[in-house]
Amino acid sequence: MIFSLLVYAAPHSHQAAESAYRFAVACLAQGHSIHRVFFYGDGIHGASALATPPQDEPNLPDRWQTLAQTHGLDLVVCIAAAVRRGVLDANEAHRYEKPGHNLHEGFELSGLGQLTEAAIVSDRMITFGA
Amino acid sequence: MIFSLLVYAAPHSHQAAESAYRFAVACLAQGHSIHRVFFYGDGIHGASALATPPQDEPNLPDRWQTLAQTHGLDLVVCIAAAVRRGVLDANEAHRYEKPGHNLHEGFELSGLGQLTEAAIVSDRMITFGA
Amino acid sequence: MTLHTLNRPPSNAALLADCLRACSSGDTLLLIEDGAYCAQASLPLQLPAGVAACVLAADVAARGLNNRLAPGIKQVDDAGFVQLCCDHARVISWY
Amino acid sequence: MTLHTLNRPPSNAALLADCLRACSSGDTLLLIEDGAYCAQASLPLQLPAGVAACVLAADVAARGLNNRLAPGIKQVDDAGFVQLCCDHARVISWY
Amino acid sequence: MSTRKRFLVISRRPPYGSSHARDALDTALTTAVFEQPVSMLFLDDGVYQLLQAQQPGGIQQKNLGATLSALPMYDIDQLYACSDAMQSRNLGVDDCLLPVQLLDTDAIAQLIRTHDVVLSF
Amino acid sequence: MSTRKRFLVISRRPPYGSSHARDALDTALTTAVFEQPVSMLFLDDGVYQLLQAQQPGGIQQKNLGATLSALPMYDIDQLYACSDAMQSRNLGVDDCLLPVQLLDTDAIAQLIRTHDVVLSF
Numbered sequence: 014m015i016f017s018l019l020v021y022a023a024p025h026s027h028q029a030a031e032s033a034y035r036f037a038v039a040c041l042a043q044g045h046s047i048h049r050v051f052f053y054g055d056g057i058h059g060a061s062a063l064a065t066p067p068q069d070e071p072n073l074p075d076r077w078q079t080l081a082q083t084h085g086l087d088l089v090v091c092i093a094a095a096v097r098r099g100v101l102d103a104n105e106a107h108r109y110e111k112p113g114h115n116l117h118e119g120f121e122l123s124g125l126g127q128l129t130e131a132a133i134v135s136d137r138m139i140t141f142g143a
Numbered sequence: 014m015i016f017s018l019l020v021y022a023a024p025h026s027h028q029a030a031e032s033a034y035r036f037a038v039a040c041l042a043q044g045h046s047i048h049r050v051f052f053y054g055d056g057i058h059g060a061s062a063l064a065t066p067p068q069d070e071p072n073l074p075d076r077w078q079t080l081a082q083t084h085g086l087d088l089v090v091c092i093a094a095a096v097r098r099g100v101l102d103a104n105e106a107h108r109y110e111k112p113g114h115n116l117h118e119g120f121e122l123s124g125l126g127q128l129t130e131a132a133i134v135s136d137r138m139i140t141f142g143a
Numbered sequence: 155m156t157l158h159t160l161n162r163p164p165s166n167a168a169l170l171a172d173c174l175r176a177c178s179s180g181d182t183l184l185l186i187e188d189g190a191y192c193a194q195a196s197l198p199l200q201l202p203a204g205v206a207a208c209v210l211a212a213d214v215a216a217r218g219l220n221n222r223l224a225p226g227i228k229q230v231d232d233a234g235f236v237q238l239c240c241d242h243a244r245v246i247s248w249y
Numbered sequence: 155m156t157l158h159t160l161n162r163p164p165s166n167a168a169l170l171a172d173c174l175r176a177c178s179s180g181d182t183l184l185l186i187e188d189g190a191y192c193a194q195a196s197l198p199l200q201l202p203a204g205v206a207a208c209v210l211a212a213d214v215a216a217r218g219l220n221n222r223l224a225p226g227i228k229q230v231d232d233a234g235f236v237q238l239c240c241d242h243a244r245v246i247s248w249y
Numbered sequence: 003m004s005t006r007k008r009f010l011v012i013s014r015r016p017p018y019g020s021s022h023a024r025d026a027l028d029t030a031l032t033t034a035v036f037e038q039p040v041s042m043l044f045l046d047d048g049v050y051q052l053l054q055a056q057q058p059g060g061i062q063q064k065n066l067g068a069t070l071s072a073l074p075m076y077d078i079d080q081l082y083a084c085s086d087a088m089q090s091r092n093l094g095v096d097d098c099l100l101p102v103q104l105l106d107t108d109a110i111a112q113l114i115r116t117h118d119v120v121l122s123f
Numbered sequence: 003m004s005t006r007k008r009f010l011v012i013s014r015r016p017p018y019g020s021s022h023a024r025d026a027l028d029t030a031l032t033t034a035v036f037e038q039p040v041s042m043l044f045l046d047d048g049v050y051q052l053l054q055a056q057q058p059g060g061i062q063q064k065n066l067g068a069t070l071s072a073l074p075m076y077d078i079d080q081l082y083a084c085s086d087a088m089q090s091r092n093l094g095v096d097d098c099l100l101p102v103q104l105l106d107t108d109a110i111a112q113l114i115r116t117h118d119v120v121l122s123f
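Residue numbers (our numbering), protein chains in the order written: chain A, 14 to 143; chain B, 14 to 143; chain C, 155 to 249; chain D, 155 to 249; chain E, 3 to 123; chain F, 3 to 123.
Hints were generated in silico from the structure; no laboratory data involved. Only a predicted model underlies this, so the values are computations on that prediction, with no experimental measurement involved. Where hints are given, some of them may not hold.
[To be verified] Restricting the straight-line Cα-Cα distance to at most 27 Å, the calculated cross-link-like pairs of lysine-lysine (DSSO-like) are:
#1 228(D) with 7(F)
#2 111(B) with 111(A)
#3 111(A) with 64(E)
#4 64(F) with 111(B)
#5 228(C) with 64(E)
[Claimed, not checked] Chain F is nowhere near these chain B residues, computed Cβ spacing over 12 Å in every case:
#6 19
#7 75
#8 85
#9 91
#10 106
[To be verified] Only some residues are given here: those of chain D computed to face chain A with a beta carbon under 8 Å:
#11 179
#12 208
#13 229
#14 232
#15 233
#16 236
#17 240
Beta carbons: idealized from backbone N, C-alpha and C, even for Gly.
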């Protein structure tokens, strides 16, 4: 089956961010495919390149990137939610004349329409929220 | 009177972040002083230099900085909460070999002890939480 | 005496109950943010004896609650919030 | 048929009630994260007819609930969660 | 994207206190822009979004009620609210800023079964 | 910082689902390290933090119960729980991983009056 996930919770603040990752791993292990993981609301913090959890806590942005590389997932971050909360790629940083950018490699900023598109082309859309 | 504030909610996600700022402005307008504003939990996102809200939404990190400059407030961000969530100053970025830093000017990272100290030296400690 | 702020709607019944049971005579309850919904006449607060309730005016207006408030609940502005903090020895935030 | 996931404790009574009223016969309720507290024998769920409930095993263990579960509620692992998604036409997250 | 799916957006939170209500609304609007049929269901404190005369200027937020009023212009006219949630909050359809259909428990379960994708906020 | 104040940390959330419980605990520990007298009060779902046999390895989190057990070593031994919250969750003091005093409504209001600073999570 084709799955897509909506992540609507931030790592370290709500368990839902970690639950989403565990679900994705289980999904792929069973031979399903994941079309897209869409990060929305506070979930966008899961795409931070600067997140530096203690050694005994998982680094979810790193893990998502690795999973995406291995399995060809699409990691899309809602651009409106991310920009207002301070997660920018190089383009947005340039556009708004900000001193740096912090979107983790392997993620891309795009519109909310990518959530709609994911729901259309996937057999199942699962939300992990807080 | 001497006030200190604990901000435990992120801008754009919970109204409490904005309520805290409004309270601080009212506090200073009445001639009270604010010893420290301490950002903890998701509140640390209120110290992001990269936050870029739409024109018709307030940029709270900018506003806090201006308020701090004008009135000599101390804006302290819990270092443990910030680093795991991806808000770093230049020192922490260097220490963890991260490609950039995003702590807004006018804020500083420090330990949770600064919350205790603020509560001790202030007449009132007010929490704005989510 | 304690100032209690509460920022969640009445559907968070456990929070409201904990807040009210923590009130002593002389305390004040200030409803802020989504707590403004707790100030409605249709959902009367069971305030302990000697406890006054008020609500932040900007939050009432934002939510369209101006004509729905319980009569005993006073609206205060931001300056009033600050004054309430001064008038009470400590502040507890219920959220 | 719908899979409902719920990740809040029973104290969020309004959420649990909305979830249960949205269930039709043949639906399944999967309790995850803090929703695991809803699987306790001491707080029996009022499941509509034809609705099964299960709970994510890792969340039960994390919270020390292994000896407190209601007998009718099956524990599933992450693979079981995925399978439940496949077995139902849609998934609703209650949070 | 030639396929069409029936979307249901469930909105359970009050406006302004958190971004949930705004995000639900943006999701519904975007879905409509992508020419998918979308319904909205207001449950629990979500029905407070429907209250007239919201004036959020004092809290530095945009008027959510004004955006809600515009839903029919985006062809989002399948708007539903939980009758129990309305009644227990002393809200009637006359208090609402746009027309909504009230649904009881059975009708809510039925509504869900007629949609392909359910997104909740 | 020669002044001493009596701190009360109120912890109302269950462990693991969100960071509130962990943050409350870190606040109490830090306050103790700064040699201030600190009490903890567990209300509502916060009493679930006290349950024995927590094994959060499967959800990639640290054992909060283990940290709680260490509180007396930091001279945090004024630990209180709401008796109603315990009872309605079918929890007794024997189910708890460390000794707590149960307080009824009057005692909770009294406890608050004897503290200078109250931080709630």
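Status of each hint after checking the structure:
Simply put, residue 228(D) and residue 7(F) have alpha-carbon atoms about 49 Å apart, too far for the 27 Å limit, and the pair is violated. Distance check on the hinted pair: residue 111(B) and residue 111(A) sit about 17 Å apart at the alpha-carbon level, within 27 Å; holds. Between residue 111(A) and residue 64(E) the alpha-carbon distance is near 25 Å, which keeps this suggested pair within the 27 Å criterion. Straight-line distance between C-alpha atoms of residue 64(F) and residue 111(B) comes to about 25 Å, which keeps the hinted pair within the 27 Å bound.
Proposed proximity of residue 228(C) and residue 64(E) is supported: the alpha carbons are some 26 Å apart, at most 27 Å. At roughly 7 Å from the closest C-beta of chain F, the C-beta of residue 19(B) falls inside 12 Å, breaking its exclusion from the interface. Once the 12 Å rule is applied to beta carbons, residue 75(B) is consistent with being away from chain F; the minimum gap is 26 Å. Taking the minimum C-beta to C-beta distance to chain F, about 20 Å, the non-interface status of residue 85(B) holds against the 12 Å cut.
For residue 91(B), the requirement that its beta carbon stay farther than 12 Å from each beta carbon of chain F is not met, with the minimum near 9 Å. With a minimum CB-CB distance of about 23 Å to chain F, residue 106(B) clears the 12 Å threshold, and the non-interface call stands. Violation of the interface hint for residue 179(D) is found here, the shortest Cβ-Cβ separation to chain A being roughly 21 Å, above the 8 Å cut-off. Of the supplied interface hints, the one on residue 208(D) is violated, with its beta-carbon coming no nearer than about 15 Å to a beta-carbon of chain A, more than 8 Å.
Hint status for residue 229(D) relative to chain A: violated, with the closest Cβ pair at about 15 Å, above 8 Å. Residue-level restraint check for residue 232(D) holds (minimum Cβ-Cβ distance to chain A is 4 Å; threshold 8 Å). Residue-level restraint check for residue 233(D) holds (minimum Cβ-Cβ distance to chain A is 5 Å; threshold 8 Å). Hint on residue 236(D) holds. Least Cβ distance to chain A is approximately 5 Å, under the 8 Å limit.
About 6 Å separates the beta-carbon of residue 240(D) from the nearest beta-carbon of chain A, less than 8 Å, and the hint is met.
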